[in-house]
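Novice: Each chain, written out:
Number of protein chains: 2
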Amino acid sequence: MPSFGPATRKLKGKLGRRVTTDHDAVFAASFDGSKLSFLPEAVIKPKTKAEIAEVLALANKYKVPVTARGAGSSLTGSGSPIAGGWVLDLSGWNKITVDAEAGFAHVQAGAVIENIHKAVEALGWFYPPDPASKKFCTIGGNIACNAGGMHGGKYGVTRDFVLALKGFLPTGEYVEWGTATKKFSSGFNLRDLWIGAEGMLGVVTEATLKLIPLPAARWTLLTSFADEAAAFRAIRVLFGQRVQPAICEFLDRYAVQCAEAKTGKTVFAGQAGRPVILLELAGTASEVAETKETVLAWAKAHTTAYREARDRAEAEELWDVRRKCSGAMFALGDSKLNEDIVVPMRSYEKFAAFLDKLRKSSRLPIPTFGHLADGNLHVNIMYHRENHAEYLRAEKAVGQLMAGVVKLGGAISGEHGIGLAKTPFMPLQHSPAQIKAMRAVKDALDPNGILNPGKMFTLFKVWEHPRLKIALPWDHK
Amino acid sequence: MPSFGPATRKLKGKLGRRVTTDHDAVFAASFDGSKLSFLPEAVIKPKTKAEIAEVLALANKYKVPVTARGAGSSLTGSGSPIAGGWVLDLSGWNKITVDAEAGFAHVQAGAVIENIHKAVEALGWFYPPDPASKKFCTIGGNIACNAGGMHGGKYGVTRDFVLALKGFLPTGEYVEWGTATKKFSSGFNLRDLWIGAEGMLGVVTEATLKLIPLPAARWTLLTSFADEAAAFRAIRVLFGQRVQPAICEFLDRYAVQCAEAKTGKTVFAGQAGRPVILLELAGTASEVAETKETVLAWAKAHTTAYREARDRAEAEELWDVRRKCSGAMFALGDSKLNEDIVVPMRSYEKFAAFLDKLRKSSRLPIPTFGHLADGNLHVNIMYHRENHAEYLRAEKAVGQLMAGVVKLGGAISGEHGIGLAKTPFMPLQHSPAQIKAMRAVKDALDPNGILNPGKMFTLFKVWEHPRLKIALPWDHK
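These protein sequence lines are chains A and B, in that order.
Residues in the first sequence are numbered from 1 upward in steps of one, following UniProt numbering.
Residues in the second sequence are numbered from 1 upward in steps of one, following UniProt numbering.
There could be a bad hint or two in this list.
Identical chains share a label here; the pair holds if one copy fits it or two copies do between them.
Straight-line distance between alpha carbons at most 25 Å, and here's what the computed DSS-like set of lysine-lysine pairs gives [what the hints assert, rightly or not]: (1) K49 <-> K436; (2) K436 <-> K63; (3) K350 <-> K63; (4) K166 <-> K436; (5) K407 <-> K49; (6) K166 <-> K442; (7) K166 <-> K407; (8) K10 <-> K135; (9) K61 <-> K350; (10) K61 <-> K95; (11) K324 <-> K166; (12) K95 <-> K292; (13) K350 <-> K118; (14) K324 <-> K265; (15) K166 <-> K35; (16) K47 <-> K12.
Hint data in this document are derived by calculation from the structure and do not stem from the laboratory.
So that you can see chain A by itself, here it is in the shape it has in the complex (with noise of 0.2 Å):
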């Protein structure tokens, strides 16, 4: 790694306790949720924008790179300070503050997603996003990689709500894309183009995000099938009559299995091992009521069988089998490569026979669910850390699973963005034209590369790295 002694020193002189280098805070801040760890220099909690602007104006004289941080829950790699340099540690920001009447949410980049949720609920309003960490994860983490979660089919990802942006670009120069109002066309949109763009473009410090009024009913429904491809078609079937449930979330045989296998209990009676659909309806009363006789007509025709929450505490049964799913899959096997391809519905079954494939022909498990109303669906390659030869056949299905999608005009990643871990899939989804366009809008917006350098374009090997063998707060347990 090289040394920014004397830059890092300027830093300590101007920002003082600001300023750490000490090991323990390095090391906490040399990984995030991919676990794979590189150490920085610096790790910097600024608290004013004062100092922000400082911090690049000094990392851009001496090209010190510059990750910013809030919880580093990012799976990819994308929070992993891979050229050294210093953190930018934006946890400590994490002011909200709801504009009831407009339904605007203003947040620092730090603020966690599960806390926005709540300020804004308490006041009758919802903000759609919800990553699996959003206990931890924050706003400004989800911005980076344009989170999305259950929600997205219906209501849509991050980059849907995020009205304006406040930040830095890598000079130090402060800026403002987009205005705390629902209509804007001026200038060119680098508010959504710093969106996804992984903190490589900017550094985010606020969003304005829009709300949308608080579903007033909810309504849960859980359905089983006799095998995937019956799944695929009868849910196709179901959007085909122009029904939107706010959720829809798929669990395959196998992530069934795992979690009978982990809870000890059957998922649902007389269904054992198949797999299932679980739907949620969101709106206002009557409209729920009204959907809802829709849903059952179809559940009648379309599933092996079909259960419905009679309140709440019944819901939240049915959901816990689906929380469960992920961490449940670590019967078969120590280590996970959690994929968030995209599929496009018309190709749902083809989808399930490609994946029947992969398993044969990895010879690993590959327990899937997902996100059917959006085709965004967490594709778990099972191996084993210490057996070389399963983890190199992990490796290679990876490879097969992200050329068989991009091929049947799907996406890599649905949520979880490029990061390191997904770099030598980029030109599968990207000709080297679009690829060369998006270097030289990097190029033009960050001219000493410090901004999250070794990021998405970049191929990173990650076979040839180890991963830390530690616990996150948001593993699945």
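Please arrange chain B on chain A, whose structure you already have, making use of the hints.
Specialist: What follows is chain B alone, placed relative to chain A:
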């Protein structure tokens, strides 16, 4: 105007009769809805992607300005080829196909918005953006200026419905941004960077639009108020109750008076000359029935009068007022500067007071109407073309309006974009650092500056340029 004769001859050699230099054709392509005319050297109607690639590769080599064009209904001059060169007419690229299961429309750039509406609504889907020129304007132009319309407050604008774009870099290289899926988080988001970029960063040839289920029911209510401030105060109360009307159109007293003078009828019996708000709820039948009760209770408490449309015919009658008001304003002057500013909801009453002052200081009629659910107001500064003093006062008033709007935290454009006409106000909305970053992006993606040059960043003194005296199909009668 510089001549690009040798390049144009090469182009004709390659594309033959796709290229025309006839006076009538180049004149027709020399202006947009702004009626600012600048003759191009040739107009190209390409039939294939290979031809578009060829046009751009040649243009890039010989540094010929290229302005892509659909209907040419832009109001800002963004479609007027100010630097001459070539106009790339994509109005013939108008195919629309609907994926009725996934709820997507695949459209070519020249598809007319109303035709998209008809195609998707026939299949039970809804594409909400609906600019006033929807009978003529194309999706390519809507993408270029991030067009909005009456549904923006509840449903969003063009940007919120574009999943994927296909098109060309100024080098003639073909690119695709995003996939036809609802989630996508891979690489920099050049899709949204292109949206609203007014054709300065790339040429869009195709788009995939996200649709939502067609609302089964609609309900319309006309309300009137003692004055503008009362109307604004009242609507904030309704929004505070978490009611989101699909449409919420405001007409100030001057707009109402215009409509009354023109039709010889009172807009609202017993409420002559009073500002009105026209509300429309949309959703499932039960949802509309439920929300209607809340709205009626609000109307009883906060309006001077209200009238419910008993059926679609009566609703159409009410909407007729809204549609007539824009054309009726020409009784106040033969010309107007139609601005599309955005005001934050909390500043509505302040803005009403500001407009009153502006009317006094400019000594001009300024009837105003617009979309209260998103703060996007059309401020119409009326003047007589041949009265130079009036024209100068109108131009001055526009500058004051823009400065006032930015001071209130709003936007200088909500749905028209910048083009030529609003270039003087860019520095009000965007700091030097922001503009520098935007220009850096332009230089990175279009190093020869061939795509729609002279727009957005170059000061255009609109007051020094005469406008054509012609009637266009989308002019308000």
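Novice: Does each hint hold? Answer for all of them.
Specialist: Results of checking the hints against the structure:
1. K49 <-> K436: Classified as between: cross-chain Cα gap 20 Å, same-chain 33 Å, threshold 25 Å.
2. K436 <-> K63: both (23 Å within a copy, 21 Å between copies)
3. K350 <-> K63: neither (48 Å within a copy, 47 Å between copies)
4. K166 <-> K436: between (27 Å within a copy, 16 Å between copies)
5. K407 <-> K49: Answer is between; shortest inter-copy Cα gap is 22 Å, intra-copy 45 Å.
6. K166 <-> K442: both (19 Å within a copy, 21 Å between copies)
7. K166 <-> K407: between (38 Å within a copy, 17 Å between copies)
8. K10 <-> K135: Neither way: K10 and K135 sit 36 Å apart in one copy and 62 Å across, limit 25 Å.
9. K61 <-> K350: neither (52 Å within a copy, 44 Å between copies)
10. K61 <-> K95: Neither. Shortest intra-copy (30 Å) and inter-copy (51 Å) distances fail the 25 Å Cα cut-off.
11. K324 <-> K166: This pair counts as neither: shortest intra-copy Cα distance 38 Å, inter-copy 40 Å.
12. K95 <-> K292: So K95 and K292 fail the 25 Å test inside a copy (39 Å) and across (36 Å) alike.
13. K350 <-> K118: Neither way: K350 and K118 sit 40 Å apart in one copy and 32 Å across, limit 25 Å.
14. K324 <-> K265: The answer is within: 12 Å in one copy meets 25 Å, while 66 Å across copies does not.
15. K166 <-> K35: Close neither inside one copy (30 Å) nor across copies (37 Å); limit 25 Å.
16. K47 <-> K12: Within. Shortest intra-copy distance 14 Å satisfies the 25 Å Cα cut-off; inter-copy 62 Å does not.
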